Amino acid sequence: MSTIAPEKYKENASKNIADPVLQKALSGLQERLGPATENLYNSLPEGHKMRTEAHQFRRKAIDNLDVLLSTLVDKVRGHGGIVHFAKTAEEAVEICKKIALDNDVKTVVKGKSMVTEEVGLNLALEKEGIEVYETDLGEYILQLSGEAPTHIVAPAIHKTRREVAELFTEKLGTPYTEDPPILTRYARKALREKFLKADMGISGCNLACAETGHIVTVSNEGNIRMSTTLPKIHVAFMGMERIVANLEEQQSILRLMSMGAAAQEIGGYVSYVGGPAEVDHGDGPQEFHLIIIDNGRSKILADPEFREMLCCIRCGACLNVCPVYGKIGGQAYGSPYCGPVGAVVTPLLFGINNSADLCAGETLCGACKQACPLEINLPRMLLALRSKLSEGDPDWDVQPKSKGENLIFASWQRFNSNRKVYDLLLGLMRVLQHLLPAKQGMISRLPWPLSGWTANRNMKKLAPKTFMQQWREKKEKKGS
Amino acid sequence: MTTQKEFIQDISTALGRPTPVSVDVFTVAPTTAEQDILKAVRQRSSGERQPFIKTLQEVSVPLHLDFHPERSLEDIRQAIITLILEKDPEWGTKKSVVRWDHPLLNSLNLEAAAELKDIPLYITNHVAATSSADDLQAQRQQTRKEVEASFIGITSADYCIAATATLAMKTRPGQARSVSLVPSIHVAVVEESRLLATLKELYTLLKWDEAEQAEGLTNNLSLISGPSKTGDIELVMVHGAHGPRELHLFVVSDHR
Chain A
0 MSTIAPEKYK
10 ENASKNIADP
20 VLQKALSGLQ
30 ERLGPATENL
40 YNSLPEGHKM
50 RTEAHQFRRK
60 AIDNLDVLLS
70 TLVDKVRGHG
80 GIVHFAKTAE
90 EAVEICKKIA
100 LDNDVKTVVK
110 GKSMVTEEVG
120 LNLALEKEGI
130 EVYETDLGEY
140 ILQLSGEAPT
150 HIVAPAIHKT
160 RREVAELFTE
170 KLGTPYTEDP
180 PILTRYARKA
190 LREKFLKADM
200 GISGCNLACA
210 ETGHIVTVSN
220 EGNIRMSTTL
230 PKIHVAFMGM
240 ERIVANLEEQ
250 QSILRLMSMG
260 AAAQEIGGYV
270 SYVGGPAEVD
280 HGDGPQEFHL
290 IIIDNGRSKI
300 LADPEFREML
310 CCIRCGACLN
320 VCPVYGKIGG
330 QAYGSPYCGP
340 VGAVVTPLLF
350 GINNSADLCA
360 GETLCGACKQ
370 ACPLEINLPR
380 MLLALRSKLS
390 EGDPDWDVQP
400 KSKGENLIFA
410 SWQRFNSNRK
420 VYDLLLGLMR
430 VLQHLLPAKQ
440 GMISRLPWPL
450 SGWTANRNMK
460 KLAPKTFMQQ
470 WREKKEKKGS
Chain B
0 MTTQKEFIQD
10 ISTALGRPTP
20 VSVDVFTVAP
30 TTAEQDILKA
40 VRQRSSGERQ
50 PFIKTLQEVS
60 VPLHLDFHPE
70 RSLEDIRQAI
80 ITLILEKDPE
90 WGTKKSVVRW
100 DHPLLNSLNL
110 EAAAELKDIP
120 LYITNHVAAT
130 SSADDLQAQR
140 QQTRKEVEAS
150 FIGITSADYC
160 IAATATLAMK
170 TRPGQARSVS
180 LVPSIHVAVV
190 EESRLLATLK
200 ELYTLLKWDE
210 AEQAEGLTNN
220 LSLISGPSKT
230 GDIELVMVHG
240 AHGPRELHLF
250 VVSDHR
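Line by line, the protein sequences are chains A and B. Going by numbering that gives the first Met the number 0, 197 is the number at position 198 of the first sequence; the sequence numbering is gapless. Going by numbering that gives the first Met the number 0, 46 is the number at position 47 of the second sequence; the sequence numbering is gapless.
Isolated chain B (complex conformation):
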């Protein structure tokens, strides 16, 4: 068995030095350009974000992403209800829907919709880290069952990048990563204030923003740009290889 010490030692030797030397490869302070990006993002007004909506509309087309025009919570709620009613499940005939436990999604209050009374709406629950191993395991199994059964998964996102229509999602209690992956249709609802211009802005925030630094990337950060796709048979583009076949994106205009 090769130990870490031996393994790293061989690399140091190959590099022509006796041991790993301390080098300045990790940046410790943002560059002026990065400071400018941070400032621009923080001071950006709602009006300055409007062009991002247009960009999202444009880049959604080649990505095969369904970008919806509804902007108010009430309209978005109605549009999602329509999606749930009109779309067909991929596996089997029974419909159910799973969503994150997330303030924005809670405020949609889909559970109260009379039209959906026959369709189970699951919420990926919080579990206290202090719960017993059995309880944690039971919760995991339940989440798994609900996600597998659901044909639509509804999430929010930490950020949405206009230039590439990329959703950035960290993992947190109540925000299971499989909700954006296993159901055939992924619906994402994002607040307009979470829109960014470019991936560069995203990375600058992840790296230098104090709140982001404090939380870290979490053990699983996903960047999702459009529905699942493949071109592996004769380069013919097909959507829905293993992940969701459809990705519906809603941006909520500032509602507070």
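With the rest of the complex left out, here is chain A:
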């Protein structure tokens, strides 16, 4: 379960950097998934233009979200589904709770869904005495251990097989083994019982198709199919932006999403759900509820600078290449949305000031944009967020981060634009730097107010001669 606490970013990041098990897991994950996804992009039969086009499909959907959602809703109702609208997280939770209570639901099985994490659904249902089971193996492990996810697609990647073995022995009473296939079988058995007795299944929605009126879920484990086939009620939570106009556009986006998420040509199970089971069909849920959630998304939609973010399909590809995520892990972000995508979405959904460190923590290296199947420009939006933090923005309720910092940068700018002053300061620094504590030729501690810079890293000393000086000397030598 994830709690929303982005303000603990620095504290959590430091802790995670010092955790050797996590470091190994993160680098293993990035080494495997990052290049594998890139290989798939490079071998696309449609070529690179497929990604550019897919971005345009998503953008078109977002730019016409009112039309697409209206169409989806009409079609789903036509299929016998019930559609609900939730402006806020609280409202979404209330709607689901009411469906559960009205139907005397005792046990809920859940397919992996980020938006239910965002709205805090599990806790609310558990408060009503309803048993809620996460059924994605990774999510189930975390539910048993009471931890937050490390990765969007591989949530429990930080758990070693040994930890899982101990956890299962303690919580499920299964014999101790460190063999992943046997551990998986234990979870399969434990959850099979829940699937069979559950009276409500909850799923997310990876991407709805407006023209046909279906939501689409993707999984490899089959847990989402189980959750949406066996219980008599299926409730789907859908962030309002998860929609595309038509089937042909959806085809390319689903394929790209599978490549980004798990380096697959297509996810193992792709399910189109348009409504409850027809009456003369032998199985499937008898009620289908679709809850469409805003919870801050229309505000993102209204801001041209950030609208692009709604194109994101949460595949997690950006996590698998990000140098910052690769060190600090998902839990540091204090949000269901971690990594580069989280560094943009979390501030926009849960407050920019609260999440200031998330925006500042990324390096702007651009790896995320390259890895994104839809080439979403995350670095541009990170910069825009930083600019809001620096200048303040009443529209987004942003207080300028630090007046002192602005002052320092303003004076820095003035010194820098005057060559004489700049050279003078440079000369002075070159002398003074020898007074600072150093390690292996690097400055290990700067005095206040710059000490924060060297808290986690050493600083390179200034070279004895500037580039300009070296250039001049070289030229003179040649000339002589």
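Hints were generated in silico from the structure; no laboratory data involved. Keep in mind the model is a prediction, meaning the values are calculated, not measured. Hints are supplied without guarantee of correctness; some may be wrong.
Which chain A residues face chain B? A few, computed with CB under 10 Å, are given here [stated by the list, open to error]:
1. H83
2. H213
3. G266
4. Y271
5. P322
6. G325
So the derived label-pair ranges between C-beta atoms look like this [stated by the list, open to error]:
7. H63(B) to K23(A): 45 to 53 Å
8. E277(A) to R41(B): 24 to 32 Å
9. W90(B) to K298(A): 44 to 52 Å
10. Q55(A) to R16(B): 18 to 26 Å
11. G128(A) to S106(B): 49 to 57 Å
12. K144(B) to S144(A): 31 to 39 Å
13. S192(B) to E277(A): 23 to 31 Å
Cross-link-like lysine-lysine pairs, in silico, DSS-like; alpha carbons within 25 Å at most [to be verified]:
14. K144(B) to K231(A)
15. K116(B) to K144(B)
16. K196(A) to K116(B)
17. K298(A) to K94(B)
18. K105(A) to K144(B)
Beta carbons: idealized from backbone N, C-alpha and C, even for Gly.
Position chain B relative to chain A; hints supplied.
Relative to chain A, chain B alone:
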């Protein structure tokens, strides 16, 4: 409670327009490229489909899918009987098998196999939509019981995509979706004429083919590529997370 009107209105406002405007986002006619795909699929001969068999063999390996070489109905029948006899049930010791009510599966006539006389073979029955609520409910309960009890589920598929070994299955009366999901082993028998090259061909058919358009996607369309799998413990690939642990695929050569 937020109404649809309020909710959509907020989105229109955020988009800077007073109400949803009618825009051309839904395509109404196939592109030339899509027309070419439709034509290619419809005119494809059995010989032109043979390379798909080889592709299926290749992509099955990394997917951990058991693609069987048998092509005639009689050989496939025998191979399935052998699977039923040789495989062990995952939960408990009693064996039973469930299958769709589907013409191709009916023609396998597994029910007549003397070797299987001690193993119950269930068929997910049709129920008339006009039946009473009690009868419908009773039928659902029976299907549920049979599917839960069975260790092998046998289905056909609307299409099978060579490039990704994807089975596309709509739901229809007599073709319960849980048959391909709940039993530990899923056996799929597909006619060769249902083979397609790529997902793009599948989507083009689903979108533009008149018969597909008339039926729609149905309320549940599943695309299944290989058995259930997970890598959630240390990224070690394990098959059989929640869905079937094994997926056996048979392609029937044109038998008519």
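Results for each hint:
For H83(A), the suggested interface contact is upheld, since its CB lies about 8 Å from the closest CB of chain B, less than 10 Å. The beta carbon of H213(A) comes within 6 Å of a beta carbon in chain B, closer than 10 Å, and the hint placing it at the interface holds. With a cut of 10 Å, the hint placing G266(A) at the interface with chain B holds, because the nearest CB-to-CB distance is about 7 Å. With a least beta-carbon distance of about 4 Å to chain B, the hint placing Y271(A) at the interface is held under the 10 Å criterion.
At a threshold of 10 Å, the smallest CB-CB gap from P322(A) to chain B is about 20 Å, leaving the interface hint violated. About 15 Å separates the beta-carbon of G325(A) from the nearest beta-carbon of chain B, more than 10 Å, and the hint is not met. At about 26 Å, the CB distance of H63(B) to K23(A) disagrees with the hint of 45 to 53 Å. Distance hint for E277(A) and R41(B): a CB-CB separation of about 29 Å, consistent with the stated range 24 to 32 Å.
The given range of 44 to 52 Å is respected by W90(B) and K298(A), whose C-beta atoms sit roughly 50 Å from each other. Taking 18 to 26 Å as the suggested C-beta distance range, the pair Q55(A) and R16(B) conforms, at roughly 20 Å. Under the hint 49 to 57 Å, the C-beta atoms of G128(A) and S106(B), about 51 Å apart, fit the expected range. Taken as a hint, the range 31 to 39 Å holds for the pair K144(B) and S144(A), whose Cβ atoms sit roughly 35 Å apart.
Our hint of 23 to 31 Å for S192(B) and E277(A) holds, since their Cβ atoms are close to 26 Å apart. Restraint check: the Cα-Cα separation between K144(B) and K231(A) comes to about 15 Å, which is no more than 25 Å; the hinted pair holds. Note on K116(B) and K144(B): the hinted pairing holds, with a Cα-Cα distance of about 20 Å set against a maximum of 25 Å. For the suggested pair K196(A) and K116(B), the alpha carbons sit about 32 Å apart, so the restraint of at most 25 Å is broken.
Proximity of K298(A) to K94(B) is assessed by CA-CA distance (about 57 Å); at most 25 Å being required, the pair is judged violated. Of the pairs offered as hints, the one joining K105(A) and K144(B) holds, with about 21 Å between alpha carbons and a cut-off of 25 Å not exceeded.
The earlier numbered hints that this structure contradicts are 5, 6, 7, 16, 17.
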